[in-house]
Amino acid sequence: MQFSTRASDTEREQAPARVEVDTVPEGGEVVSSGSPWLLVARTFAQNKLALIGVAVVLAILLFSFVAPLLYHTDQLNPNLLDVNLSPAGGHPLGTDSEGFDILGRLMQGGQSSIEVGLAVGLIATVFGLIYGAVSGFLGGTVDGVLMRFVDIGLAVPVVFLFIFMAQVYKPSLTLLIVLLAIVSWLIPARLVRGEALTLRTREYVQAVHVMGGRSWRIIIRHIVPNTIGTIMVTVTFQVANAILTLAVLQYLGFGLPPTTPTWGSMLSDGTTYLQDGYWWEVYPALAMIVVTVIAFNFIGDALQDAFDVRLQER
Amino acid sequence: MTGYIIRRLGQAIVVTIGVTMLTFMLLHLLPGSLARDVLGPRATQPEIAQFVHQNGLDKPIYTQYWLFLEKLIHGNLGYSYQFNRTVNSLLASDLPRDLVLGGASLILSLVIAIPVGVAQAVRRNGALDYAATGVSFLLYSMPQYAIALLLIQFLSISFHVFPAEAPQAASVTGMLSHPSALVLPVASLTLVTYAQFSRYMRSSAIDTLAQDYIRTARAKGLPERLVLWRHLLRNSLIAVVTLVGLSIPYIITGTLIIEQVFNFPGTGLEYFQAALRNDYEVMLGITVLVGVITVMGNLLADIGYAILDPRIRY
Chain Y
1 MQFSTRASDT EREQAPARVE VDTVPEGGEV VSSGSPWLLV ARTFAQNKLA LIGVAVVLAI
61 LLFSFVAPLL YHTDQLNPNL LDVNLSPAGG HPLGTDSEGF DILGRLMQGG QSSIEVGLAV
121 GLIATVFGLI YGAVSGFLGG TVDGVLMRFV DIGLAVPVVF LFIFMAQVYK PSLTLLIVLL
181 AIVSWLIPAR LVRGEALTLR TREYVQAVHV MGGRSWRIII RHIVPNTIGT IMVTVTFQVA
241 NAILTLAVLQ YLGFGLPPTT PTWGSMLSDG TTYLQDGYWW EVYPALAMIV VTVIAFNFIG
301 DALQDAFDVR LQER
Chain X
1 MTGYIIRRLG QAIVVTIGVT MLTFMLLHLL PGSLARDVLG PRATQPEIAQ FVHQNGLDKP
61 IYTQYWLFLE KLIHGNLGYS YQFNRTVNSL LASDLPRDLV LGGASLILSL VIAIPVGVAQ
121 AVRRNGALDY AATGVSFLLY SMPQYAIALL LIQFLSISFH VFPAEAPQAA SVTGMLSHPS
181 ALVLPVASLT LVTYAQFSRY MRSSAIDTLA QDYIRTARAK GLPERLVLWR HLLRNSLIAV
241 VTLVGLSIPY IITGTLIIEQ VFNFPGTGLE YFQAALRNDY EVMLGITVLV GVITVMGNLL
301 ADIGYAILDP RIRY
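For the record, the sequence lines run as chains Y and X. Counting from 1, position 252 in the first sequence corresponds to residue 252 in my numbering; the numbering is continuous, with no gaps. Counting from 1, position 216 in the second sequence corresponds to residue 216 in my numbering; the numbering is continuous, with no gaps.
Just so you know, these hints were derived from the structure itself, not from any lab. Wrong hints could be hidden among the right ones.
[Claimed, not checked] Covered stretches of chain X, as calculated for chain Y (at least 3 residues, CB under 8 Å):
| no. | segment |
| --- | --- |
| 1 | 61 to 68 |
| 2 | 151 to 159 |
| 3 | 227 to 234 |
| 4 | 246 to 256 |
| 5 | 281 to 288 |
Beta carbons: idealized from backbone N, C-alpha and C, even for Gly.
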């Protein structure tokens, strides 16, 4: 859902990169940098927002997957005697229009929301990575054809198609994950392709060529590992995007059965009662979405900075 | 330059054809019978057979696609069997209203995002930078409809400042004569769009600020005000061209959601209602139109970028 500004840069990547030459002062600090991973980890850890993001994501994971073991609620059978109760002792966050305890439902909704987010993020990125790496590495006509498919996919208005499908199919969590993954791999594919285009001209890749290394070896051993920064950043943003898109789709009628609540379905159900002042049916779910998405974005931004060697020198 | 434009144009045509093909196939493969929908449950088998034959639904799918494409080239987007009107005539009344909503929001979000982005870059890590970054984080971490719902909650339900429903007038002048009812839809879409623009504007202004010509301008003693106006702002505006062109699909999706929330009589709502009543050709027509607009937006962004920034040669 989120419009990615990084993806737009593919056409410009062919332009000569700006080279930043920072003069190192004579006898300046010489730091033992250790492994590149250590450097990345160190930069990441220096970023306060990143640490907040990680802490929040951990807290949300605990809340969604561990807290239900301590806080038992019935999220299967509607309790029509206790509908729309405001927050009070027995129900810390009240109940919804079916009598489900909101706090317990937030936990369960968190499970499915995070599952969708992670699954979509991983599937889309892995597929986009392979597609982009192959396309960028082969270049030429193959690249031209493969990238047109990506262009076509990006130009098809996804939400419009989803609305149509919502009228036809009874969606399940798996179907949603598959559909979201189908529309989400395009941007990672573009990003990785852009990097692969420059990587394949590097000396070490050419050296493998000269030594008689096969194409798949170059792709797997040299191109893919060098795009790891992009990949990790993309996964994080994709998780956040998938959670958001899921919420939007559920508002537009892509409803899951009530046995699989998500934060999005809670929010869109709750908005029906906005006028009645049942704020507890709206804002807790909204807050969960916002906090989760922001946390993943913090992590993504920090990873981006940590992997960007150019920025480290500044 | 000419070569680049021609190549880019060729790509756009290929992608447009791909979009029509993909949309046609996807909508076509879904279950449901047009004849049954149009003729009703009491239609007899011969009647259905006659309808299917008259409308060419018994032809092979590629022939149907070809006929569809032929109509499309002549500007015929299809026919709404439910309304007995052409899709063109439906859109002729919707699109001007969309332009009011989309145009006003686009202009407003640029008017906010450009100066704020430049100010953020100039006073990087200052109070304003943090505040604006925080706001944009918050805005784009929300599902788009939640922004609209919050505005409705506070400005319409809690305090009766603006109505929660968009003006329902048929004509554009009729809509503009109820400006107070336009405030919330336009404000929502502005915030949705601003959330996408703001980070991009900030980082683009920061990139520009690091350029040599800014250093030169300062070194030759140009007052900071002129450096900002003549060099920073102007060069950051180049990025705006790309930004607007590429964010068109995003704005259209935003329009769809905002129209749904405010019952705004535009193309988005038209699509939504068409989906509810299985009006297949309306959906197909609108989806293809949106896809074509997206491709055109990308094309104009790339060509505009190449023209505006003479340093870029492809």
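Hints versus structure:
1. Residues of the segment 61 to 68 of chain X with a Cβ under 8 Å from some Cβ of chain Y number 0, which does not satisfy the need for three, so the listed coverage is violated.
2. Note: the segment 151 to 159 of chain X has 3 residues with beta-carbon separation from chain Y under 8 Å; the three-residue rule is met and the coverage holds.
3. Coverage of the segment 227 to 234 of chain X by chain Y is violated. Counting CB-CB distances below 8 Å, 0 residues qualify, and the rule asks for three or more.
4. Counting residues of the segment 246 to 256 of chain X whose beta-carbon sits less than 8 Å from any beta-carbon of chain Y gives 7, enough to reach three: the coverage restraint holds.
5. Counting residues of the segment 281 to 288 of chain X whose CB lies closer than 8 Å to any CB of chain Y gives 3, so the stated coverage by that chain holds, three being the minimum.
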